[in-house]
Amino acid sequence: SQQGEEDPQALSIQEGENATMNCSYKTSINNLQWYRQNSGRGLVHLILIRSNEREKHSGRLRVTLDTSKKSSSLLITASRAADTASYFCCSTGGTSYGKLTFGQGTILTVHP
Amino acid sequence: ETGVTQSPTHLIKTRGQQVTLRCSSQSGHNTVSWYQQALGQGPQFIFQYYREEENGRGNFPPRFSGLQFPNYSSELNVNALELDDSALYLCASSLDLREVGELFFGEGSRLTVL
Chain R
441 SQQGEEDPQA LSIQEGENAT MNCSYKTSIN NLQWYRQNSG RGLVHLILIR
491 SNEREKHSGR LRVTLDTSKK SSSLLITASR AADTASYFCC STGGTSYGKL
541 TFGQGTILTV HP
Chain E
63 ETGVTQSPTH LIKTRGQQVT LRCSSQSGHN TVSWYQQALG QGPQFIFQYY
113 REEENGRGNF PPRFSGLQFP NYSSELNVNA LELDDSALYL CASSLDLREV
163 GELFFGEGSR LTVL
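Residue numbers (our numbering), protein chains in the order written: chain R, 441 to 552; chain E, 63 to 176.
Because the hints were derived from the structure by calculation, they are not lab data.
Source: prediction; values computed, not measured.
One or more hints might be untrue.
Partner residues aside, some chain R positions facing chain E, computed with beta carbon under 10 Å [claimed, not checked]:
#1 Tyr475
#2 Arg481
#3 Ser526
Quick reminder that beta carbons are idealized off the backbone N, C-alpha and C, glycines included.
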């Protein structure tokens with residue numbers, strides 16, 4: 441399993457602003473995923489980026505991947521109060537597709 | 063909603079007791095993983111089942127055990143409960159062990175051990 445470490449640990453912004461979260465990992469990966477978790481609820485998959493991709497978009501989400509720096513970033517544009525949640529990155533390598541290792545996540549608070 | 067259902071949603075046990083948590087995976091998914099998430103922490107991988115066989119285990123003691131049934135639903139059993147077992151237990155299903163893709167998580171079972 442591979443490890444994702446998110447930065448910052450907490451982020452507080454106003455509605456309409458952009459939110460950027462970063463993730464670092466330690467070893468080579470097949471893909472990297474971002475998940476979102478509302479307080480005390482299950483995780484929801486946001487986006488998956490493969491190791492041969494550098495950037496991916498999904499709605500207001502933009503994910504970048506830099507394999508040379510072993511890092512990824514998640515950008516949420518025009519944030520909304522409903523984006524308030526914890527965000528986790530996790531990477532997978534080899535055949536460990538279901539064995540994700542999560543960091544502590546970034547707690548995003550978007551103030552209306 | 064992901065189609066993954068877990069039960070019960072909340073339960074309270076006392077130290078030394080045993081607990082069974084249940085998970086129904088999304089239709090067509092043959093792989094189930096279980097995670098433990100303590101308050102303020104990220105989920106920790108417990109183990110994974112693929113077609114009724116355990117396919118990898120995290121750093122958890124043997125008193126954490128599991129089963130997967132022919133319909134791919136799954137159980138997590140924890141014996142001799144300890145206070146530190148208090149956590150949100152998450153089940154996640156995926157389409158196939160060999161496929162790269164997203165995990166579909168249930169809403170979790172919140173266990174409190176007193």
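How the hints compare with the structure:
no.	hint	verdict
1	Tyr475	8 Å, holds
2	Arg481	6 Å, holds
3	Ser526	9 Å, holds
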